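Quick mapping for you: the protein sequence lines, in order, are chains A and B. Just so you know, the numbering used here puts the end of the first sequence at 114, numbered straight through with nothing missing. Just so you know, the numbering used here puts the end of the second sequence at 111, numbered straight through with nothing missing.
It should be emphasised that the hints constitute simulated quantities derived from the structure, not laboratory data. You may find that some hints are simply not true.
[As the list claims (entries may be wrong)] No farther apart than 20 Å at their CA atoms in a straight line, the calculated lysine to aspartate or glutamate pairs in the DMTMM-like style are these:
#1 B:LYS70 <-> B:ASP7
#2 A:LYS64 <-> A:ASP88
#3 B:LYS98 <-> A:GLU87
#4 A:LYS41 <-> B:ASP83
#5 B:LYS69 <-> B:ASP83
#6 A:LYS55 <-> B:GLU5
#7 A:LYS41 <-> B:ASP7
#8 A:LYS41 <-> B:GLU5
#9 B:LYS26 <-> A:GLU59
[Stated by the list, open to error] From the derived model, a few chain A residues whose C-beta atoms are all more than 10 Å from chain B:
#10 LYS14
#11 VAL19
#12 ARG24
#13 PHE67
#14 SER73
#15 PHE105
#16 VAL113
The model shown is predicted, which means the values in this text are computed figures rather than measured ones. Built from N, CA and C at the ideal position, the CB exists for glycine as well.
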Amino acid sequence: GAVVSQHPSWVICKSGTSVKIECRSLDFQATTMFWYRQFPKQSLMLMATSNEGSKATYEQGVEKDKFLINHASLTLSTLTVTSAHPEDSSFYICSATVRDVEQYFGPGTRLTVT
Amino acid sequence: SQQGEEDPQALSIQEGENATMNCSYKTSINNLQWYRQNSGRGLVHLILIRSNEREKHSGRLRVTLDTSKKSSSLLITASRAADTASYFCATGVDSWGKLQFGAGTQVVVTP
Numbered sequence: 001g002a003v004v005s006q007h008p009s010w011v012i013c014k015s016g017t018s019v020k021i022e023c024r025s026l027d028f029q030a031t032t033m034f035w036y037r038q039f040p041k042q043s044l045m046l047m048a049t050s051n052e053g054s055k056a057t058y059e060q061g062v063e064k065d066k067f068l069i070n071h072a073s074l075t076l077s078t079l080t081v082t083s084a085h086p087e088d089s090s091f092y093i094c095s096a097t098v099r100d101v102e103q104y105f106g107p108g109t110r111l112t113v114t
Numbered sequence: 001s002q003q004g005e006e007d008p009q010a011l012s013i014q015e016g017e018n019a020t021m022n023c024s025y026k027t028s029i030n031n032l033q034w035y036r037q038n039s040g041r042g043l044v045h046l047i048l049i050r051s052n053e054r055e056k057h058s059g060r061l062r063v064t065l066d067t068s069k070k071s072s073s074l075l076i077t078a079s080r081a082a083d084t085a086s087y088f089c090a091t092g093v094d095s096w097g098k099l100q101f102g103a104g105t106q107v108v109v110t111p
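Working from the sequences, and respecting the hints, build out all of it.
Structure representation (structure tokens):
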């Protein structure tokens, strides 16, 4: 099946710094990538939808200036958490899809902000 | 935002028993998907059922969809300890593949 990778798997950073998370579709070209965050023992919350070559569409309540998404190619999307704070600590998961079929999820990135 | 609710929130069963969990949603959908997540890991796609389908099977999994009641169920037959995980339903709501996830059911299967 299709493989989606994320890098890094986990990251610890200091409050006020920025962190970039990469999401790659390894063996297919994704028309759309999605970014989710998940708090412990909770469900996935969609943050934004990312289409190659266009601006990301953010869900209500998600700060676009804080969570910068760049979709540079059909196989790469990045999420940058700017000026991270402890409340941004979470599990960030990306997924990639080719139109209206199943989504392929990355393994997730655990972010801890100290 | 989350689309719907799942019940039960948690389920503990013994190996060999069947596990059933339900998912309800609020808006019209293109499809409904079930995923499994082991603790602290990514999601594994289990099964997709389209809005014009009523039932689907995959190995020990059986999914039903009732669009009139806006609900779906996932049945795992002859459960194994390796089935211990959280299970999420997700509704596909647009042509881009956007998913809205339910709250999830935590399943524990004891040997």
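To see whether the hints hold, each was checked on the structure:
1. B:LYS70 <-> B:ASP7: With a Cα-Cα distance of about 14 Å, the restraint between LYS70 (chain B) and ASP7 (chain B) holds, given a limit of 20 Å.
2. A:LYS64 <-> A:ASP88: Between LYS64 (chain A) and ASP88 (chain A) the Cα gap is close to 14 Å, so the pair holds against 20 Å.
3. B:LYS98 <-> A:GLU87: Status violated; Cα separation ~26 Å.
4. A:LYS41 <-> B:ASP83: holds, 17 Å
5. B:LYS69 <-> B:ASP83: Roughly 28 Å between the alpha carbons, so the hint for LYS69 (chain B) and ASP83 (chain B) is violated.
6. A:LYS55 <-> B:GLU5: With a Cα-Cα distance of about 31 Å, the restraint between LYS55 (chain A) and GLU5 (chain B) is violated, given a limit of 20 Å.
7. A:LYS41 <-> B:ASP7: Holds, at roughly 15 Å.
8. A:LYS41 <-> B:GLU5: holds, 15 Å
9. B:LYS26 <-> A:GLU59: The given pair, whose Cα atoms are some 18 Å apart, holds under the 20 Å limit.
10. LYS14: holds, 23 Å
11. VAL19: VAL19 (chain A) clear of chain B: closest Cβ-Cβ about 18 Å, beyond 10 Å.
12. ARG24: For ARG24 (chain A), whose nearest Cβ neighbour in chain B is about 14 Å away, the distance exceeds 10 Å, so it holds.
13. PHE67: Label holds. Min Cβ-Cβ 16 Å, cutoff 10 Å.
14. SER73: Fine: 18 Å to the nearest Cβ keeps SER73 (chain A) off the interface.
15. PHE105: Non-interface label fails for PHE105 (chain A): nearest chain B Cβ at 4 Å, not farther than 10 Å.
16. VAL113: holds, 18 Å
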